[in-house]
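Just so you know, the sequences run in chain order E, A and U.
This note's numbering numbers the first residue of the first sequence as 1 and each following residue consecutively.
This note's numbering numbers the first residue of the second sequence as 1001 and each following residue consecutively.
This note's numbering numbers the first residue of the third sequence as 2001 and each following residue consecutively.
Among these hints, one or two may not hold up.
Unchecked claim - No farther apart than 30 Å at their CA atoms in a straight line, the calculated lysine-lysine pairs in the DSS-like style are these:
| id | chain 1 | residue 1 | chain 2 | residue 2 |
| --- | --- | --- | --- | --- |
| 1 | A | 1087 | A | 1129 |
| 2 | A | 1386 | A | 1129 |
| 3 | A | 1080 | A | 1165 |
| 4 | A | 1516 | U | 2067 |
| 5 | A | 1087 | A | 1300 |
| 6 | A | 1495 | A | 1518 |
| 7 | A | 1386 | A | 1165 |
| 8 | A | 1386 | A | 1066 |
| 9 | A | 1129 | A | 1080 |
| 10 | U | 2067 | A | 1386 |
| 11 | A | 1087 | A | 1066 |
| 12 | A | 1386 | A | 1080 |
| 13 | E | 139 | E | 212 |
| 14 | A | 1165 | E | 212 |
| 15 | A | 1494 | A | 1518 |
| 16 | A | 1066 | E | 139 |
| 17 | E | 212 | A | 1080 |
| 18 | A | 1165 | A | 1066 |
| 19 | E | 212 | U | 2067 |
| 20 | A | 1066 | A | 1129 |
| 21 | E | 135 | U | 2075 |
Keep in mind that the hints were calculated from the coordinates and are not lab data.
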Amino acid sequence: MGALFTLVGVLLGIGLVGYALSRLAEPAAKQAVSVNLKTDVNELDAPESNNAAAASAASIDAVSSQKDAELIENLNRRLPQTQCAQCGYPGCRPYATAIINDGVPINQCPPGGDALIEELADFLGVEAIPLDTDKGETKPAQLALIIEPDCIGCALCIAACPVDAIVGASKYMHTVIASQCTGCELCLPPCPVDCIELRPVPVPLHRWQWPKPA
Amino acid sequence: MNNTLKLFISRLTSKLPRGKQALLPIAPDGGLALARNKPGLLPVAVHIPELALPDQLVFPLTDYAKQIMCAEVEVGASVKTGDRLAKGIIATASGTISAIESRAIIHPSHRNVPCIVIDVDHTVSDDPKTLPPLSVPTVERLEQACISGLGGAGFSTAHKLRIAKNTPTPIHTLLVNAVECEPLISCDEALIRSDATAIVTAIVSMMQLTGCAQCIVAIEEDKLDAAAELSQALLNYQTALPVNSNDSPITLMPVSAIYPSGAEKVLVQRVTGLALESGERAVDRGIVCLNVATIFSAWKAASGYPLLSRIITVAGRNAKQAVNVRVRIGTAVAHVLEHTNNLAASTTARVRVGGPLSGFDLLDTSVPITATTNCIAIEPIATPTKTGACIRCSQCSDVCPVNLVPQQLHWYATADDLNSAMRFGLDSCIECGCCDVVCPSSIPLTATFRYARTGWREQQQQHVDAELARTRFESHESRVVLREQEATRIREHKKTQLASADNAIGDALARARARKNKR
Amino acid sequence: MSNLTLDTAAVTYQRRSVATIMLHVIIALVPGIALYALLVDYRILQNTVIACSAAILFECGFVWLRKRSILAAIKDTSVVLAAILLVLSVPQSLPTWQLITGVFILCSLGKHVFGGLGHNPFNPAMVAYAVLIVSFPLTMTQWSTEHGFLDLTHDASINNDKPPVNATANNNWDGVTSATPLDRLDAFQREYIAQITTAGETEPTAHGTNEDSANSYVDHAIENYQISLLVTQSDWIWISGAWLVGGLYLLLMRVISWHIPVAVLASLWMLYTLYGLGSSGPVLPATIALFSGAIMLGAFFIATDPVSAATSESGKLVYATGIGILCFVIREFSAYPEGIAFAVLLMNMCVPLIDYAFTRNRIKRHAPRPSDAHDSDS
């Protein structure tokens, strides 16, 4: 009799745990949906696990170039897209390519900072390492501003801007399109009269955030 | 010593359950069954007094989403009542524009925002009828008269109706929201009691405008007088109908007075039984939900009166005089307080706009009233309660009117795990504050959700910005590559040209040499 | 206007603090404790006082060590409640130093190593009980019942119809040491099974007639009746009744939800009924079994501790059913006569899993619209 009851108990237990586990599988799927909901930015988050597997496989260099390209694309979408070249590569995509193809460490991006390193470590299945401060420090978001009376219209900054956020023509005053500037600082060195300043990004009222309660 | 003992005993006994106080006011379907006879709650007068016109009116240059807009008038210009100042903003009195400058507005950020300031000219006759009357209301007229939601969000009514027209689901029901946003507020009740017949007419005209075949008017069951007057007016309307249509398309639906039944999402569920999914709107289910005051002002707009004023409830536990007043939009809160005899009381209390539960405190009462300001609550300054640890009592999830699990959300929100918080429906939170009220550990749940919601919005915006930067960088790169390819092509071309030119010279030389040798 | 503060929390109308909730639970325990003192053993009162004072002292110490507000920690009275629950689950004959050790474990291992109130994964009182029962098995299982206030004149041995079993524990005969009814029940069942087996060996096929099987059926009924008497005649059933009354008070005051007690009692009742149908030995009738031992106390007061229990409604049902099943298994098939403490602790362990599986968004998610420009509101 006792054996029978133990058996029933064990079966019930197995059933319960099984049910619980089957429900566990759901949140992951739900999460993918929720991430995709608001914008299509995170569209490629869903096949994450496949990509993570591919990431470890990439180091064994036995992956088809197609998968590699997909992985680079996914990695690129996680980078902050400042295009500041502080990592030593001419933009975010080149850096993503270098991480996948040449095994460059993931701690070379100052604008992304520690949060990005953690995300990339999670995504690629590698260990998170502290930011390489030789490349630069993490700064709050900033915006370039041309001091217009000082601008001589040399058009050098226009060529330097990686996201075409400066408008103007030779011998005419230039200006920065604030909504498209990433604050990468790449326009500073070419300016012959030092008329570009970086200012903290002003938070417009519709993007104001409630403070976190203590 | 005796006093200390008494104090100790009273402290101890205050913890003991006493009568109804012992039971939590949690309603079975969520929400709080808060009694309406709270101190500071007003007796609803039939006549709504009109507040004296102030010397200065201020209009913030923001739309409902708080984006800054451009002014369409210049400083020094004189404007008449009903003149357009910017998109969706009209002058609510005649006068001169004295400034367009940064001023404090009703916003939890307490930041200054560009505003149009009008010095009111009291000598000019003040006729509120500024538009030619129409026989039927049109969406264009609503836009012209700047009708926006008078409930809470302040969404443009014209825009809302256009969205309703463009949704794939056909619109079948007009849901008239006559349920107050909070137990303290009674501006809708005051409006119904002032002219129930006109409201029925307004509802009928709105049904024509939206093309709804049926209409449900939701009202709290404890608003006895207002409900009786409204049902009498409905009866009158019905008897005036042709005989063959014995079935009135307008139904009066009493809902239990449970906070927050006035929120659109909750009201739709209470009235129709449809639980809106996260991210779904009432129009997606074929229901247009409009506040009763909005419908009334839309009807007035059709007869030529743009939205110049709104009814505001001034009440609260510290209010000297609780009253419903009609206030010109743009009037300073301080002016309202002064003319309702509450200015002295407000200096030692906190002034909360939007109601005690879902509103926020003002730091500066010079801010102007907007179309969404439904309540000025004057409440005692609360002694800050110490936040304790969550004991997982799950009363917050019992009370949540939209079926969330606040304790779990709070856990994710404080850890800044916004993805998980969204998975648990953070975007469905209506920030009603019910969970704050029941939490035994005094955890600031709503404040945390507000933080997390704006944080999530910012995160999404950053993603959009990054995506923009990425596409721009990529097009820039491809252009650079193209330019380089073009340069290389030209260089190569010149080289080959040069090479062929070299050959031509060589050939010529060779020919010349050959000729020389022949000689 | 500078005296206006920015306070985003809603203005409170009514609020029930943690202290009030704990106070409600303590009030609900009072009738049970009173009956305990009147009918079984008055020493529960002195033990409660000792345990509560020790608990407050230890709590102060730990809170001071953790550099938190001592006043806030004492005010929530949760530690007092935990101490009372511990006293209720140990024999009143437990030496005071062992009781205080238990309270120390309650505060330290049960509560503060995890970060204090709200962070403990296990029920602190049950952690202390588990540590005590493995550390002091002798004093924790021998119930030296002195007497209640009502039967001071009676000889203790009348009330406990067994001669003193353990003379070594109390040399100077303070009272009569005996097992709890459950211990006796266990012993009774073992004895019976032993009899059956020996009888089966000696007379294997002597009487195989219908009459005999009918007789054995009657015997069986008599056995069952006797075993029921063991429970119903004892004073413990009144105390169980008092726990039930207290539990109903908590339900009425909406301090606890019905899910946990109902699921614990229902699962136990069903298991006992099934067991009674299938077993050949003497079995407690299911309804009486619910009033035996600490089941009522456990179902209403121990398993419902919100901190260590599951939170969602379905999660609570699973959690409580698990407690019922484990409690039954431990009672019937293990060396321990009572299983509620271990059942609660084992199910506490499963709570994160249960919560993860059952606490979820209760709203469905709408498919994203192609043009999600604005959110409309009233």
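- Task: Mind listing which of the numbered hints don't hold for this structure, in increasing order?
- Result: 2, 3, 4, 6, 7, 8, 12, 14, 15, 17 and 21
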